[in-house]
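Given the coordinates of chain A, work out where chain B with the ligands should sit on it, guided by the hints.
Number of protein chains: 2
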Amino acid sequence: MQEITQLHAIFDRTRGYINNFMGVIQPIIDAATDEHTRLYYHHILEEEEQRMGRLQELVPYLEKLSAGKSLDQLSDRDLSQMLSDVNLERFGLHNFREHLELSLYEFKDDETRQLLDGMREKTHTDYLTVKEIMANMSQRFSDAAHPDLTDHDEGHDIHQVDHLKASASAPHGVASVIKHSAPAVTGKKGLTVGSLKGM
Amino acid sequence: MQEITQLHAIFDRTRGYINNFMGVIQPIIDAATDEHTRLYYHHILEEEEQRMGRLQELVPYLEKLSAGKSLDQLSDRDLSQMLSDVNLERFGLHNFREHLELSLYEFKDDETRQLLDGMREKTHTDYLTVKEIMANMSQRFSDAAHPDLTDHDEGHDIHQVDHLKASASAPHGVASVIKHSAPAVTGKKGLTVGSLKGM
Ligand SMILES: [Fe+2]
Ligand SMILES: [Fe+2]
Numbered sequence: 001m002q003e004i005t006q007l008h009a010i011f012d013r014t015r016g017y018i019n020n021f022m023g024v025i026q027p028i029i030d031a032a033t034d035e036h037t038r039l040y041y042h043h044i045l046e047e048e049e050q051r052m053g054r055l056q057e058l059v060p061y062l063e064k065l066s067a068g069k070s071l072d073q074l075s076d077r078d079l080s081q082m083l084s085d086v087n088l089e090r091f092g093l094h095n096f097r098e099h100l101e102l103s104l105y106e107f108k109d110d111e112t113r114q115l116l117d118g119m120r121e122k123t124h125t126d127y128l129t130v131k132e133i134m135a136n137m138s139q140r141f142s143d144a145a146h147p148d149l150t151d152h153d154e155g156h157d158i159h160q161v162d163h164l165k166a167s168a169s170a171p172h173g174v175a176s177v178i179k180h181s182a183p184a185v186t187g188k189k190g191l192t193v194g195s196l197k198g199m
Numbered sequence: 001m002q003e004i005t006q007l008h009a010i011f012d013r014t015r016g017y018i019n020n021f022m023g024v025i026q027p028i029i030d031a032a033t034d035e036h037t038r039l040y041y042h043h044i045l046e047e048e049e050q051r052m053g054r055l056q057e058l059v060p061y062l063e064k065l066s067a068g069k070s071l072d073q074l075s076d077r078d079l080s081q082m083l084s085d086v087n088l089e090r091f092g093l094h095n096f097r098e099h100l101e102l103s104l105y106e107f108k109d110d111e112t113r114q115l116l117d118g119m120r121e122k123t124h125t126d127y128l129t130v131k132e133i134m135a136n137m138s139q140r141f142s143d144a145a146h147p148d149l150t151d152h153d154e155g156h157d158i159h160q161v162d163h164l165k166a167s168a169s170a171p172h173g174v175a176s177v178i179k180h181s182a183p184a185v186t187g188k189k190g191l192t193v194g195s196l197k198g199m
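Chains A and B, in that order, are what the protein sequence lines are. Each residue of the first sequence is one higher than the one before, starting from 1 at the first, in the working numbering. Each residue of the second sequence is one higher than the one before, starting from 1 at the first, in the working numbering.
Hints listed in this document are in silico derivations from the structure and should not be mistaken for laboratory results. Backbone N, C-alpha and C fix where the C-beta goes; we use that ideal spot for every residue, glycine too. A few of these clues could be false.
[To be verified] A partial selection of chain A residues facing chain B, derived with a Cβ cut-off under 10 angstroms:
1. THR5
2. HIS8
3. GLN26
4. ILE29
5. ASP34
6. GLU35
7. GLU47
8. TYR61
9. PHE91
10. HIS94
Isolated chain A (complex conformation):
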């Protein structure tokens, strides 16, 4: 059951990250002066809202599972459903990593960049952990139908790029059309890199 406890911790953490991320991005939408920029960040936040909606069901379910009976006692169908839900959120973590990377190209202040990059790094580690757990569980419970574990994430050079570095010298980010004064990191929750580290 240690795996379920791990999954619970990962998806609970990412819920906190979504809230942080929204606090950073919402001011950009509010300050945007053109439709493309507004649509771009609105779209990203909307996808994260949808993910949050799913996590609000999955996290309590994993919590109940981790406190309860052994996975072997789950019906094949429940097990298969759980694996499929977790697999969807595996993609969710991957996409969130890219939302964070894309946002690095927006901000020029170090504090926000470090906050985003810290979440990016942890999200990537969490993604790899979920991938490994999924592979183990699928093998162990080979009787239950389980989701296609094909990666859509390999063989893409872009995943190897250090976007923190690349964005530092980016000539024309979307940022160029936005005027935002205070670093967005002082948003809703008064987040700082320090508070992130304590998460």
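Just chain B with the ligands now, with coordinates in the frame of chain A:
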């Protein structure tokens, strides 16, 4: 069962649209000269690939359903699962509409713009139809657990913006950093506005 037949037609059509869209966007990724542009379109295509993966299971399932027994004969659990899967793809259609709108800011040639806008318009209609069908079915099958039908898509002015118009006069789209010669619309499948209309 007419609703299931309608859902099948909608999700089958969107599979074709994903292929068209990929044919239009891939050349941009190949021609991109900076990491931000590459990441941006790579990310969008990856999300559409993930959606395609889910549709490859959902579409045949709906096809089987539409040919078979009445929905009333499905178990509550099967019904609930189906509603939940369709609800996820309702969001998928919404997100695809925005991928299409975002892409309008990339292209300056009329043929590609009309192709993208045609898919955008039909996708939006399909999205509204799915929403309506979901609401009807949820009401009719109120015994089965059904997904949260909350909209994340209302109260956002951005959804009322005519992005075809807005993008026509956009001063600095991502396009400014890309050099692509031939209109991407002559890609993989030799798509034209004419061939789109016949879909
Ligand atoms: Fe995204
Ligand atoms: Fe997206």
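Verification of the hints:
Hint status for THR5/A relative to chain B: violated, with the closest Cβ pair at about 25 angstroms, above 10 angstroms. The restraint placing HIS8/A at the interface with chain B is violated, with a minimum CB-CB distance near 21 angstroms, outside the 10 angstroms limit. Annotation: GLN26/A was flagged as interfacial toward chain B, and the flag is violated, the nearest CB pair being 12 angstroms apart, outside 10 angstroms. Checking ILE29/A against chain B by beta carbon gives a least distance of about 9 angstroms; that is within 10 angstroms, so the hint holds.
For ASP34/A, the interface hint holds, since its Cβ comes within 10 angstroms of a Cβ in chain B; the closest pair sits about 7 angstroms apart. For the restraint placing GLU35/A at the interface with chain B, the shortest Cβ-Cβ distance is roughly 4 angstroms, inside the 10 angstroms limit, so the hint holds. Because the closest C-beta pair between GLU47/A and chain B is about 6 angstroms apart, less than 10 angstroms, the hint holds. Here the hint on TYR61/A is broken, as its CB sits about 13 angstroms from the closest CB of chain B, past 10 angstroms.
A cut of 10 angstroms between beta carbons decides the hint on PHE91/A: the least distance to chain B is about 5 angstroms, and the hint holds. With a least beta-carbon distance of about 8 angstroms to chain B, the hint placing HIS94/A at the interface is held under the 10 angstroms criterion.
Hints 1, 2, 3 and 8, counting from the list given before, are not met by this structure.
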